[in-house]
Structure formats: structure tokens, C-alpha cells
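Visitor: First to last, the protein sequences are chains A and B.
With the UniProt record's numbering as the guide, the letters of the first sequence map in order to residues 1 to 112.
With the UniProt record's numbering as the guide, the letters of the second sequence map in order to residues 1 to 148.
Everything labelled a hint here was simulated from the structure, so no lab data went into it.
Mixed in with the good hints there might be a few duds.
[Claimed, not checked] Sample of chain B residues facing chain A (criterion: CB under 8 Å; computed from the structure):
hint: 1; residue: T8
hint: 2; residue: L9
hint: 3; residue: L11
hint: 4; residue: Q13
hint: 5; residue: K21
hint: 6; residue: A25
hint: 7; residue: T27
hint: 8; residue: L31
hint: 9; residue: Q34
hint: 10; residue: L36
hint: 11; residue: M51
hint: 12; residue: L70
hint: 13; residue: Y72
hint: 14; residue: L111
[Said to hold, decoys possible] Derived pair list, reagent style EDC-like, types lysine to aspartate or glutamate, alpha-carbon separation capped at 16 Å:
hint: 15; chain 1: B; residue 1: K21; chain 2: B; residue 2: E68
hint: 16; chain 1: B; residue 1: K21; chain 2: B; residue 2: D92
hint: 17; chain 1: B; residue 1: K79; chain 2: B; residue 2: E28
hint: 18; chain 1: B; residue 1: K21; chain 2: B; residue 2: E100
hint: 19; chain 1: B; residue 1: K21; chain 2: A; residue 2: D103
hint: 20; chain 1: B; residue 1: K21; chain 2: A; residue 2: D109
hint: 21; chain 1: B; residue 1: K79; chain 2: B; residue 2: E68
hint: 22; chain 1: B; residue 1: K79; chain 2: B; residue 2: D92
hint: 23; chain 1: B; residue 1: K21; chain 2: A; residue 2: D106
Glycine residues also receive a C-beta, built at the ideal position from the N, C-alpha and C atoms.
Here is what each chain is made of, one letter per residue.
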Amino acid sequence: MNTERVSEDRIFAALASPVRREVLRLLREEGPQPVQRLAEHFAMTRPSFSEHLRVLRETGLVTENKVGRQRLYRLEALPLNEVQQWLRPFERFWRDRLTGLRDLLDQMDDES
Amino acid sequence: MSDDDLTTLHLDQFLAHPPAKVWRALTEPDLLAQWLMPGDFRLEVGHRYTMRAIPMPATGFSGTIRAEVLAYETGRMLKIGWRDAAPGNDADWTITWTLEPEGTGTRLFLLHEGFDPDDPLQRRARSIMDGGWRSTVLRSLEAVLTSP
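Extracted from the complex, chain A is given alone in its bound form:
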């Protein structure tokens, strides 16, 4: 319970920064990429940027893999799905139900 709360707070805190949200957007739209390429988008010192990446890594929003001499960053969707669940708990409920409704209508007779 307690550790869950810490991690929720961390994810919200991670998403509170426009820089970190922009990193997530870049990873989504352009796919996994090395630190250097990500850093080019931001006017800040390398240590400051590294700190943002560390925060994202610690929440599990991104993962880092060493490929040769490069460190490759990748977006992980799972924590975002959880955030979505917290902010809009019923959204998935209804989307699942509406899928069920569609399937039911497909099976129903058009007559009667």
C-alpha cells in the first residue's frame, strides 16, 4: 500500500514537468533513440537533462538499454495506462462494455 502510493506520487511528479512530457512525446512519435538525439531538443545542460531522464527511469516510464556505446531510451506504456486508470477510472470500464455491446449486436437477429 505504502510503496504503491510512493510510486503513484512519483509518476504524477514525473509527468508534472513539461520537459519530461516532451521526452515522452518524442519517444512515442520517433521511437526509441539515444540520449544524444533526445538532448538536442532541449536547451539545458547535460547534467540537468540527465536528471530528467533519471526521474523518468525511476518511475518506469522509460527504460534505458546500452547498445554499443550508445544509451538507447524507450517509452514504456504500462505506467501511463495506470495513470489513465487513476485519472479516469471508468474509461476502460465503458470501453470494454461498448465492445461487448458491439459484439452482442453483431450476434442479435435483425428481425423482431
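Put chain B on the given structure of chain A with help from the hints.
Guide: Quick look at chain B alone, frame taken from chain A:
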């Protein structure tokens, strides 16, 4: 879709079936049981009934709903009140279905109103994040979650 207002949820879905058939699925108990929840629904303003779904502990939703038909317009609109049956849970929602013909099918709109913007989770999120957190975060989330 990504409105700032977290007290309401809007969804819509295209269904390749005429409104009259969709209306049946929304108002006949044996059909409702198959896609939504079992319950003794009756199309009559003021009718109260109980429905059972899977609880969502993270949100305090007990899974048992005391529902009431609030209004309807045959084939076009159905408004249902939902209260959580658990003692101490003061959830008080309104679910409104609207049907619009679209080609040979139906566009079904869902409006789920009455979420409490001051529930502990939302308060905590707000305390951590800047003023624009609702729109910016929801927009980013939707962008990420709907990516190919």
C-alpha cells in the same frame, strides 16, 4: 475527447446497426445482462433497480449499483441515475445514452457525469502537478495510449 473537466466522461461509439436495435440492447434486461450488467431494468421513469458489476477497489466502487430510470425518449435517449450501494460511498452518477442515426448504423454517445473532483486521488495529483495538469496530462496520455 480530452476535456479538462474530470467530473464528466464522454465516449462515443459507432455501431453498424440501426438505432431501434441498439435501443433494444439498452433497454431489454436479458440483453443488458449480456453486455452491461444483470439487473431488473424496466423502461419506466422512476423505476429503481439494482445491478451488479465487478468492484473496482482502487476507486472505491463496490460493484453494486442502485439505479433509477430518470428520463427517456424512445429510440433516442435514456438517462439513468447510479448510486453506489456500499454504505459510506456517496457516489452519485448520471449515465446518459444518446442515439443518433449515422448512415445505416448508429452513433451511440455516453455521458457519465458526477465524478468528484475532490476525491483523494485527484486531490493528490493536483497537489503535485501544476495548474494545467488535467488537460496537458490527459492529452499526453491519450496521445501515448492511442499510438499505433
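Visitor: For every hint, state whether the structure bears it out.
Guide: Now the hints, each set against the structure:
| no. | hint | in the structure |
| --- | --- | --- |
| 1 | T8 | 10 Å, violated |
| 2 | L9 | 6 Å, holds |
| 3 | L11 | 5 Å, holds |
| 4 | Q13 | 5 Å, holds |
| 5 | K21 | 6 Å, holds |
| 6 | A25 | 6 Å, holds |
| 7 | T27 | 12 Å, violated |
| 8 | L31 | 7 Å, holds |
| 9 | Q34 | 5 Å, holds |
| 10 | L36 | 6 Å, holds |
| 11 | M51 | 12 Å, violated |
| 12 | L70 | 18 Å, violated |
| 13 | Y72 | 17 Å, violated |
| 14 | L111 | 11 Å, violated |
| 15 | B:K21 to B:E68 | 22 Å, violated |
| 16 | B:K21 to B:D92 | 29 Å, violated |
| 17 | B:K79 to B:E28 | 15 Å, holds |
| 18 | B:K21 to B:E100 | 12 Å, holds |
| 19 | B:K21 to A:D103 | 13 Å, holds |
| 20 | B:K21 to A:D109 | 9 Å, holds |
| 21 | B:K79 to B:E68 | 9 Å, holds |
| 22 | B:K79 to B:D92 | 13 Å, holds |
| 23 | B:K21 to A:D106 | 10 Å, holds |
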